[in-house]
Amino acid sequence: MVKRILAIIMLLIVGFWMANALSGVPFGEDKMLVGKYYLENVKEQTGAVNAVTAVVVNYRGFDTLGEVTVLFIASTGVGALLWRKKKERTAKSEGSVVLRTGSRILLPFIMLFGAYIFIHGHLTPGGGFPGGATIATAFLMLYLAFKDYEIEHKVFEPIEGLAGVGYVTVGLIGLAIGSYFLFDWIWQTWGWGHENIGRLLSAGFIPIIYTLIGIKVGTELTGIVDNMVREEVKGND
Amino acid sequence: MSQYASLLIALPLISAFFVPIIKRISRDAIMPYLSLITLIQTGVAAWAFKEVYTTGKPIIIMAGGFKPPVGINLYIGHFAALFILIVALASFIMAVFSRKAISIEPKDKYAMLFLLLMLGATGMIATGDIFNLFVFMEITSISAYALTGYNKTGEASEASMKYIILGGIGSSFFLIGVALLYGSLGTLNLAQIAQLAGNMNATVAQAALALIIFGLAVEAEIFPLNAWAPDAYQGAPHPITAMFSAFVVKAALYAMARILYITSSASSWSNVLRLLIVLGTLTVIVGEMSALRQKNVKRMLAYSSIAQVGLIAVGFALGTQAGVNASVFHMFNHAIVKALLFLAAGYVAVELGGTELEKFEGLGRKMPLTAFSITVGAVSIIGIPLFNVFWSKLRLILAALSANYAWIAALVLGASVVEAVYYIRLIHLMWFKGEGEKMEENFVLGGIMVLLVAAIIIIGVYPGPVWNIVQKAGSDLFNVANYVKNVPLLGVSP
Amino acid sequence: MISLYYFGAISLILIGMYAVLVKRNLLKMLVGLSIMETGVNLLLISIGYVSNRTAPILSEGATPQNTVDPIPQALVLTAIVIGVATTALALTVVINLYSKYKTLDVEEIRRLRG
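Protein chains in written order, with our numbering: chain A, 1 to 237; chain B, 1001 to 1494; chain C, 2001 to 2114.
No wet-lab data here; the hints were simulated from the structure. Note that the coordinates shown come from a computational prediction; the quantities given were computed from them, not determined experimentally. Careful, some of the hints might be misleading.
Said to hold, decoys possible - No farther apart than 20 angstroms at their CA atoms in a straight line, the calculated lysine-lysine pairs in the PhoX-like style are these:
1) C:K2102 with B:K1152
2) B:K1152 with A:K36
3) C:K2028 with A:K86
4) C:K2102 with C:K2023
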């Protein structure tokens, strides 16, 4: 009881202190400095109309590389911590008829929707991460519906690794062609897609990177779910 | 040509992503692959070090080809070049040690996490943008969470849980601080923040800095957010504990110092310095007092590490060039000594099955080379002349006296006295008690220990050349006007 | 005194921290951590808002003069993913702790470890 009251008092003090600090940052005022530069120059410099996507992949692409790495670490960490000599699924019953039939019908549509999200990242909100998460949801549905379903591990892990290698390779090609790491060589050196701003085939390497990210995130989240669902087989050794 | 230094980031990343493919080819090739990649990283870091120190100009890497603040830049100045080399060397040594020390599966995932831990620390030291610092800090933290629980014992899992919860709170605080900073200035680039810091509202600046320091204090093991450290050091695999102590905590301390000095023209700066001095002092006191009571050598070394980190934080918080130089020197020396101590302690654990005090009885007879290394390490941390830490502790005392903080000088001396008590107890146990027969000691590990001992003694007898390098690194941190001048900022007007 | 959005974000952060500090069940602590991270993301986005402006997608009539700041949105994208990664790893550690100690109570685990 004492612990709760102490915690509440301390939290209220911290809350007041933060609110005091926030009163110095007025809400709703235009305080953009670098943001304004991005909005004015995004169409010529990157070719995307979605300014957030251009910031994420092009201007601050280094952060996105870090973020992809973080997800990779999470997936590897989950695999390392839950590794047992032999694992199998321990679900006790199949899903209901509605779940089984519905998942079979919806699976291709969900994957199509996920692919749509990451391919059109430079035109509409979304991008690689929500697209990949949607694809992982499709596999999650299969895990929920079918008692013995497992993904093909030997296929998923190398795909994940290769998608990551692909992303860093795109950056290294930028280093080789344009002499800067993660330089957008398609838009700036080769000049492809300049006449297509606002349409699908534009925006330099943004669609390529987002496709790689989408595939990577999809396989990673599926791998995490798979690792958590399967339990150890207590054998006779 | 200098943009090729971005290989320092790209190389560990692409090698880590490549490991699943190596696993399909051959399982046994993974550990030698790890040593190879860390060796190449050491080579690139040495090249960058030579570039920066012979030309005197920092290497600025502009990712994406956009000038800062429009793009993200990496700033590899004197400090970064020195410490990236230390990170790479320490990783190489620990990669070699991992071949013997790691026997729990799955080793391929261990190799991936190892490379990414090294990448995270390198990125934290090299970056020039505050949100990029956050991303690399998370890369380091999440690899550390996974590696802490790697042995999958109950103890390691509990340590990992404590670390995750404290780390999660810390990174949330850091983000709130970044939100305040961005809201009041409009930019995320460190050089531009340094230019504009004088315009910040005093309350906002104070709150933002305090929140950022609290956020970094979890990784930097400052009291009261270091409750995770002793358990994590004890439960993690032995090479990983050495890496935590040698460079992960140093990268977070550097980040704290960098952000602190970048915002030095804000109006409430001295209050923040006072906060850091108080926290650092408490860290030292609690660390030393707890180390006295420990029965497990790895835990004792962990508390001793925490105390040294407190001294480094106090040195940075003095606010003078001398304080910064002293702290950087102490970071350098401490990295070498703790790498040696944890390597030796881990080797004892691998050969003799544990790190309790009883296992160290009679070590002088059983493993004389290892016992000798531990003795040299322990003697140097106490601060005895002719060993390297003596010079850095002396510099700390001189800096404290010249900044009118006489009680900090007393703190350094008091901490050394307490350290003497428990380290001499360990040395006495190793050489003057217990029986045993001489065991076979691994040739490679023995060679590495001898090299580290040699480095400690050489720096102890001739501190001059290292002190020169350290002074340049320190002025890189302290001299903010120089930092801003070196970064090619694009004039972005509101 | 401060805007409603800031107030909401700070309340979420405080509620999350309360759960982490006071609750004994590991899963409840993790939910609290998640709520705290959501509060921080909300705070970041509110900082970037400019009144009476629309989303930063520059097609169909949106010009650079009437869109909001795109940078906090990019920052929050990254922060959400990092939060997911932390939660996934934390849940894994909870699975391991449960299989070793057969309880999710923090005090019990501390007692059992000795």
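Tested hints:
Distance hint between K2102 of chain C and K1152 of chain B is fulfilled; the C-alpha atoms sit about 15 angstroms from each other, no more than 20 angstroms. Between K1152 of chain B and K36 of chain A the CA atoms are separated by roughly 50 angstroms; this puts the pair beyond 20 angstroms, and the hint is violated. Taken as a hint, the K2028 of chain C and K86 of chain A pair is broken in the structure, with Cα atoms around 30 angstroms apart against an allowance of 20 angstroms. Our distance criterion of 20 angstroms between C-alpha atoms is met by K2102 of chain C and K2023 of chain C, whose separation comes to about 18 angstroms.
In summary, the structure is inconsistent with hints 2, 3 from the numbered list given earlier, while agreeing with the others.
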